[in-house]
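Visitor: The primary structure of each chain is shown beneath.
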Amino acid sequence: MASFEESGPSTPVTEGIRVDKVSPRSRRLKRIRSLVVVLIALIGLIPVAVMVITAFKSRTEVVAVPPRLIFEPTLEGFVFLLTERSQMAPAILEEAKQNAGELGLFDRIALNAGQQITGPSDFVRRLRNSLIIAGGSTIFTVALGLFAAYAFSRFEVPGKGDLMFLILSTRMLPAVVVAVPLFLMFRQLNLYDTHLGMIILYTVFNLSLTTWLLKGFMDEIPKEYEEAAMVDGYSRWQAFYKIVIPQASTGIAATTVFAFIFAWNEYALALMMTSETARTAPPAIATMQGRGGIEWSAIAAGTLAFLIPVIIVAFALRKHLLRGVTFGAIRQ
Amino acid sequence: MTSEVGFEPETSATSTQQKKPRRTLSDKAIRNLFIWPALILLIAINIFPLFYSLFLSFTDYSAIANQAPEWIAFENFGRILNDERMWEFFSTTGKYVLYSVGLQMLLGFGLAMLIRESFLGSGFITTLILIPMMLSPVVVGLFWKLIYNPSFGFFNYMIGMADPNRPLDMLASRFAGEVVNDLALWAVVLVDVWMWTPFVMLLVLSGLKAIPDYLYEAAAIDRASSWFQFWRITLPQVTPLLLIAVLFRTIEAMNKSFDLVMGMTGGGPGTATEVIGVTLFRTAFQGQWRTGRASAIAYVILIIVIAISNIYIRYLNKIRGEE
Chain A
179 MASFEESGPS TPVTEGIRVD KVSPRSRRLK RIRSLVVVLI ALIGLIPVAV MVITAFKSRT
239 EVVAVPPRLI FEPTLEGFVF LLTERSQMAP AILEEAKQNA GELGLFDRIA LNAGQQITGP
299 SDFVRRLRNS LIIAGGSTIF TVALGLFAAY AFSRFEVPGK GDLMFLILST RMLPAVVVAV
359 PLFLMFRQLN LYDTHLGMII LYTVFNLSLT TWLLKGFMDE IPKEYEEAAM VDGYSRWQAF
419 YKIVIPQAST GIAATTVFAF IFAWNEYALA LMMTSETART APPAIATMQG RGGIEWSAIA
479 AGTLAFLIPV IIVAFALRKH LLRGVTFGAI RQ
Chain B
25 MTSEVGFEPE TSATSTQQKK PRRTLSDKAI RNLFIWPALI LLIAINIFPL FYSLFLSFTD
85 YSAIANQAPE WIAFENFGRI LNDERMWEFF STTGKYVLYS VGLQMLLGFG LAMLIRESFL
145 GSGFITTLIL IPMMLSPVVV GLFWKLIYNP SFGFFNYMIG MADPNRPLDM LASRFAGEVV
205 NDLALWAVVL VDVWMWTPFV MLLVLSGLKA IPDYLYEAAA IDRASSWFQF WRITLPQVTP
265 LLLIAVLFRT IEAMNKSFDL VMGMTGGGPG TATEVIGVTL FRTAFQGQWR TGRASAIAYV
325 ILIIVIAISN IYIRYLNKIR GEE
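Going down the list, the sequences are from chains A and B.
Take 179 as the starting number for the first sequence in our numbering and just add one per residue.
Take 25 as the starting number for the second sequence in our numbering and just add one per residue.
If you're looking for bench data, these hints aren't it; they were derived computationally from the structure.
Warning: the hint list may mix true and false statements.
[Claimed, not checked] Examples of chain B residues lying across from chain A (beta carbon under 8 Å, computed):
| hint | residue |
| --- | --- |
| 1 | L65 |
| 2 | W111 |
| 3 | L266 |
| 4 | W313 |
[Claimed, not checked] Rough simulated footprint, nothing fancy, chain A against chain B, three-plus residues with beta-carbon under 8 Å:
| hint | region |
| --- | --- |
| 5 | 116-126 |
| 6 | 177-184 |
| 7 | 193-199 |
[Claimed, not checked] Only pairs whose alpha carbons sit at most 25 Å apart, straight line, appear in this in silico DMTMM-like list of lysine to aspartate or glutamate:
| hint | chain 1 | residue 1 | chain 2 | residue 2 |
| --- | --- | --- | --- | --- |
| 8 | B | K342 | A | E334 |
| 9 | A | K497 | A | E334 |
| 10 | A | K338 | B | D51 |
| 11 | B | K119 | B | E276 |
The model shown is predicted, which means the values in this text are computed figures rather than measured ones.
All C-beta atoms in this analysis are idealised placements derived from N, C-alpha and C, irrespective of residue type, glycine included.
Produce the entire structure from the sequences given, and follow the hints as far as they go.
Guide: Written as structure tokens, this is what we have:
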């Protein structure tokens with residue numbers, strides 16, 4: 179490069195030559211390009227849009243042939259998803275319809291389908307299980323990951339590379355592969371189909387992710403901060419929680435959300451390690467169609483309920499997205 | 025980095041020495057205290073089960089029978105390797121991985137080239153494109169099942185194949201009443217591609233943005249064609265990242281194909297989309313409960329995954345080393 183700077187190019191570098199700078203032609207190309215990208219994005223989002231639409235269709239609308247884009251939106255899917263109902267006898271139905279004004283929103287929607295709400299559905303419990311298990315495991319896995327990441331980032335650990343590899347390699351195992359021995363172990367320990375068992379499982383399952391991600395974030399905080407603090411009389415522990423943790427807070431937040439999403443979405447282990455008490459939402463959504471005919475609107479409603487937090491998170495995390503899904507290997 | 029701190033080595037050394045008695049834990053103790061809880065959990069929940077299932081893979085054992093595991097040495101492995109159906113399931117998995125990873129690379133690379141120069145709202149668009157990858161595969165599989173439905177699904181209408189006289193049923197591998205091989209597999213692959221192309225795009229994009237401008241400037245001064253620039257600058261520069269993407273997706277496709285297939289087809293029609301994870305699940309749990317044999321299948325999968333992830337880690341270290 180040095181020689182280039184000394185002598186300079188023989189011809190002046192103009193817009194026509196410099197491909198990286200904007201010429202009128204490339205400006206036009208850029209506009210076409212951005213249009214194509216927007217188009218692709220829209221096509222890619224059609225399935226999500228279909229799902230959102232379906233969640234607001236009634237039972238009869240869902241199976242209409244051909245599928246309709248314009249229809250009267252209803253919350254029927256959500257009612258069917260969240261409640262257990264029984265069919266009403268015609269006589270009682272008439273009577274109930276006259277008093278419809280006094281009923282709540284959910285009851286009225288069920289009434290339109292000729293049904294009476296008898297209680298909350300299984301799915302409500304599944305969602306609660308999902309929240310408890312994903313939430314609990316996220317807290318533990320981030321805490322453990324924080325400690326391990328700090329130690330790996332700041333101290334000499336014998337065999338550091340191998341240990342980090344070992345931690346990562348546990349994530350490469352297909353869940354189905356470890357599920358067989360885990361099933362036997364959990365049965366012995368009475369952890370099968372318990373919330374505690376699932377929390378332990380997801381804590382370990384996400385530990386590799388949190389350790390790798392957090393180590394990456396901590397490596398970015400200069401060591402000198404803590405060293406200065408320790409010179410001023412902080413103990414190592416104080417330096418850790420008064421300096422490193424606040425400095426890494428963005429990274430910790432991103433890691434927490436990733437751990438939560440992975441636990442929230444997990445299916446294979448939940449399918450094999452739970453049956454009733456601790457069963458989470460994903461295996462429940464998958465088996466929902468088995469019972470009493472396929473209620474697609476309920477399934478779509480369940481999917482939508484599952485989807486919304488994830489979409490919000492995707493936007494909140496967009497700067498860290500790549501880092502999260504590659505275990506901190508690639509920094510955007 | 026450490027040398028920068030030592031600009032006043034004497035004072036800092038003496039002050040740490042003075043403070044030493046006040047510290048309750050030495051660095052070494054803290055290090056061990058920080059690492060061991062995580063390691064113990066990993067060993068208990070991941071490493072120990074692996075050895076346990078290695079033992080089980082050499083035995084005849086069923087988790088629901090009240091009998092102790094019976095040692096049969098390599099019989100399980102022999103049976104698996106001689107079972108033609110097993111080979112079929114492995115080749116289905118191979119095809120699945122090949123098709124979906126191949127398509128994802130092509131489309132992801134293309135998309136990254138398109139989105140390379142940012143334009144108004146490109147950040148927003150990129151995030152929109154990324155949404156599918158954050159979703160639960162099994163739930164995705166399920167709502168695609170609705171989309172693929174031959175009578176009231178949107179898919180056939182979108183691709184213009186909605187003629188009721190010649191119905192296209194992707195998940196049943198049927199077109200106009202005739203069985204079309206691999207159609208159901210392609211249906212699952214398409215969903216995997218839909219979910220994960222954005223991931224490849226994101227990886228390639230970060231590679232493209234890291235290519236220094238002066239390379240292109242130099243090429244432009246030499247009046248190199250854009251075709252030449254692509255082959256000699258762009259492609260070699262993003263190859264490491266593409267490789268990472270390939271390996272990452274290969275491993276994930278083997279792991280996560282289970283979720284997607286279970287959500288969409290359950291392995292059907294017949295065994296057309298039965299990837300090896302589904303076979304393993306069926307052998308180990310559903311109805312069969314052949315724990316010993318399932319452990320042996322698990323080990324075969326494990327060896328393949330370890331081989332792939334080894335290559336992956338090697339490249340990862342190489343790339344990180346270059347940074």
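Visitor: Compare the structure with each hint and give your call.
Guide: Verification of the supplied hints:
no., hint, in the structure
1, L65, "5 Å, holds"
2, W111, "19 Å, violated"
3, L266, "12 Å, violated"
4, W313, "10 Å, violated"
5, 116-126, "violated (count 0)"
6, 177-184, "holds (count 4)"
7, 193-199, "violated (count 0)"
8, K342(B) <-> E334(A), "21 Å, holds"
9, K497(A) <-> E334(A), "31 Å, violated"
10, K338(A) <-> D51(B), "16 Å, holds"
11, K119(B) <-> E276(B), "14 Å, holds"
Against the hints set out earlier in the document, violations occur for numbers 2, 3, 4, 5, 7 and 9.
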